[in-house]
Amino acid sequence: MIALILLCTATRALALQPSDAAWVQRGTPGYEKLLEKNWVGNVEFGSAKAIVPASLEELESAVRGARAPVRVVGRGHSFTPVAECAGGTLLSLARLNRVLDFRAPMADRLGSITIEGGCTYTEVIQHLGERGALRNLPSCPQFTVAGAIATGTHGSGIHIQNLAADVSMLEFMLPNGTTVSYDRERTPELIEGVRVHLGCLGVVTKLTLDVVPYFEVAAYRYDDVPLETAIESLPDVFKTCDSLSIWTSGFGTGPGAGLAWMTYRHFHPHWSSHAVPKHVPPAFGTPQLAKMERYLTDPADPKFFSPTTRGPWSTTLALTIDDELEETSMKALDLQSEFFVPLEHAQDAVRAVAEVASGWSFSSPHSSVGTPVKGIVDAFEFRCVKGDGSWISPHPVDSLGVHTSFNADPALLEEAKDAVAAIEAALRPFGVRAHWGKLSSAAAHQIETSKLERFRALCDAHDPDGVFRNEHVRRVLWGKD
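What the sequence shown shows, in mature numbering (1 follows the signal peptide of the UniProt record, and there is no 0), is residues -15 to -1, 1 to 466, in sequence order.
FYI, nobody ran anything at the bench for these hints, they're computed from the structure. Glycine residues also receive a C-beta, built at the ideal position from the N, C-alpha and C atoms. A couple of the hints might just be wrong.
Stated by the list, open to error - Distance ranges between label pairs, derived from CB positions: (1) M91 x E438: 37 to 47 Å; (2) T163 x E438: 16 to 26 Å; (3) E438 x G12: 36 to 46 Å.
Start from the sequences, fold in the hints, and give me the full structure.
Right under this line is the structure:
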């Protein structure tokens, strides 16, 4: 089994230019060191040189003259060494974040938005306003779009695929500085296959996303849900709304023992024919009507939200963007793992995880009052994602996502490492696959052989010398130590 990586050591310090750091930070606290290490700080990139090109010409020059391995960092929210490049070259596309084209959606067709590779979901949201919407969002729109799709990041919804499925065109810059693109019209099979790519196909210079008509989201949160009741509702409960998240801090010891909380989301109007007509309150749980602090909010600049509300898609689907469409300051609080199993195994899989976690200490639930209790695990979250056709997708079939937020205290790293391995082992009988951007021992064996061979062949065609492959992707996709 491939060793779980929780800490990578840099090979040398970077001589950063103030202007580069400012561009990468984008005025948001918490990203000051993003050219040195990831957001939470458990991975140091270790590059010999970091470059923040201001134009495609500068990017071409940087790529052609770069020392391998060459990796691209987005906003640094991956918990794995996916952007690590020991002794090589780290690229940030923070200056290449323009919107290149926008077509508004119409009644009879999708719209589209074409962006550069450094654009974030926040920047897309700000450009769209009320002229359109994306089908779904990651929890934190701080992510670059290119980074999120590269690792197969997803939202929640039984009829909603991962975020990469919204990509209709991808353009990569190859090691020689030339570009190659794939799109739905010319290369439909290839665009579907390469959306999730872990940075192995080149530098994403631009991409096009589908845009659907603007919609609002009605969210309903219920606290104090008996944990056993929540488990028994799986997987059918995902059919009762357009998007659902189930959280619990209740598998082991702690203030939330035996309890869960659930957020139901309904889209108005829905962008497809799969809309659930209206919200039917469940027969369990207590409606949470009071305002709450946003998840990961910085105590020095706290932000609040209404967990039961109706509002724009952009602020209601995301956890860390405020009503003015600005990113909230984020404090790095957790390390994360996430594993996927086919949806039909949802209930058995959750029970298996509950068994291995029964002796762990859990933090106070997010809505708790009084002095918070910290444990090794902050919370589990269960979401649903519709299967997609990307060759190395972690969810090729309709899947349950088993997400875990661990206490990021360095003193607990070894316990977190053991816990991740225990979760993965408990889920292995159900055909487990790991999220490419979160802690695991994920390896090539989790991918269907024929699809993996196609992906490797295209990587060799794009990059025959493996310039874009670091040690991490060589391990997880090529099985090389």
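Going down the list of hints, with the structure as the test:
1. M91 x E438: 37 to 47 Å: holds (40 Å)
2. T163 x E438: 16 to 26 Å: At roughly 25 Å between Cβ atoms, E438 and T163 fall inside 16 to 26 Å, so the hint holds.
3. E438 x G12: 36 to 46 Å: For E438 and G12 the Cβ distance comes to about 44 Å; the hint holds.
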